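Colleague: Sequence:
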Amino acid sequence: MSTVLIIEQVLNGLQFGVMLFLMAAGLTLIFGVMGLINLAHGSFYMIGAFVAAAVAAATGSFLLALIAALIAAAAAGAIVEMVVIRRLYATDHLDQVLATFALILVFSEGTRWIFGSFPLFLDIPGYLSGPVTLPGGIQYPLYRLTLIGAGLAVGLGLWALIERTRVGIQIRAGENDREMIAALGVDISKLYTLVFALGAALAGLSGALVGAIQSVQVGMGEPVLILAFVVIVIGGIGSIKGAFVGALLVGLTDTLGGIFLPQLFKLFMEQSAATNAGSAVASMSIYILMSIVLIWKPTGLFGARP
Numbered sequence: 522m523s524t525v526l527i528i529e530q531v532l533n534g535l536q537f538g539v540m541l542f543l544m545a546a547g548l549t550l551i552f553g554v555m556g557l558i559n560l561a562h563g564s565f566y567m568i569g570a571f572v573a574a575a576v577a578a579a580t581g582s583f584l585l586a587l588i589a590a591l592i593a594a595a596a597a598g599a600i601v602e603m604v605v606i607r608r609l610y611a612t613d614h615l616d617q618v619l620a621t622f623a624l625i626l627v628f629s630e631g632t633r634w635i636f637g638s639f640p641l642f643l644d645i646p647g648y649l650s651g652p653v654t655l656p657g658g659i660q661y662p663l664y665r666l667t668l669i670g671a672g673l674a675v676g677l678g679l680w681a682l683i684e685r686t687r688v689g690i691q692i693r694a695g696e697n698d699r700e701m702i703a704a705l706g707v708d709i710s711k712l713y714t715l716v717f718a719l720g721a722a723l724a725g726l727s728g729a730l731v732g733a734i735q736s737v738q739v740g741m742g743e744p745v746l747i748l749a750f751v752v753i754v755i756g757g758i759g760s761i762k763g764a765f766v767g768a769l770l771v772g773l774t775d776t777l778g779g780i781f782l783p784q785l786f787k788l789f790m791e792q793s794a795a796t797n798a799g800s801a802v803a804s805m806s807i808y809i810l811m812s813i814v815l816i817w818k819p820t821g822l823f824g825a826r827p
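What the sequence shown shows, in the numbering used here, is residues 522 to 827, in sequence order.
Calculated from the structure, these hints are not laboratory results.
Since no wrong hints were added, every one of them can be taken at face value.
Computed Cβ-Cβ distance ranges for the label pairs, DEER-style:
1. Ser638 / Ala694: 40 to 48 Å
2. Asp613 / Gly651: 46 to 54 Å
3. Leu584 / Asn797: 38 to 46 Å
4. Leu682 / Gln660: 34 to 42 Å
Simulated pairs of lysine to any residue, SDA-like, Cα-Cα distance not exceeding 20 Å:
5. Lys762 / Leu677
6. Lys762 / Phe823
7. Lys762 / Phe552
8. Lys787 / Leu526
9. Lys711 / Leu682
10. Lys762 / Leu748
11. Lys787 / Ser806
12. Lys787 / Ser800
13. Lys711 / Ala694
14. Lys762 / Ile690
15. Lys818 / Leu769
16. Lys711 / Ala596
17. Lys711 / Tyr610
18. Lys787 / Ser804
19. Lys711 / Val605
20. Lys711 / Arg607
21. Lys762 / Val814
Quick caveat, the model's predicted, so the values are computed rather than measured.
Glycine included, each C-beta is placed from N, C-alpha and C at the ideal position.
Given only the sequences and the hints, what does the whole structure look like? Please build it.
Modeller: So this is what it looks like as structure tokens:
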């Protein structure tokens, strides 16, 4: 196995990880601040991808497509929070699961009704297409490098928002003691709407960015949502830093596992059996990682002690 292939797969894992972080960061914010299990979070990922594809096709501008995806996902999140989610805070988690699962069906059928049943395609803009030469003569797609940089920039901006602004102080305080900040005069309803819209916007941005390297189709958000839940369990519920570290671990484990595990099994089996066994174990690798982390730290890597 060549060094070039390993470096390329590491970069692929980082790109996958930072996109997962955008999903997981919004999800952990919503759960950490609001205590809400939101199965419909993947629907905002799908909305961002579909809106970006439609706007890019209509205007030819990839930047406008990203802005539209952010606005559409945030607006959808705010409306859902005010109309549906606000009635679920006092209920138990089973009611939240059932209600947000119903939202998945509503969003899926609504998206199919508006955009049709066939996949859409979002083209990579010309100024981001083609490969770039990295040190050592490695050729790597410019767009994937841009995704890594964009994800890191958004993560830094989110950290600054949470740690360095008044709104961030309110969000962190709401996570620890919502009754107290309500008593201090903070409008908890507006804060919850803001947090939910922010989480939805991050998911929508992730969907729009990834939509240029895969087909945009109904139901595309649910597999990513499962991985996002794995990320926040590994990183620790409510921790943005944990979501970032967990996303990178999941991205690298999933990508590198698919390369190295079949090669490892070839040392003990014939080629066809080794490929099948290695692929099967690779598909389970992130869940094995999650199990190991939970055995070591039941609250996740950066989760608060119960």
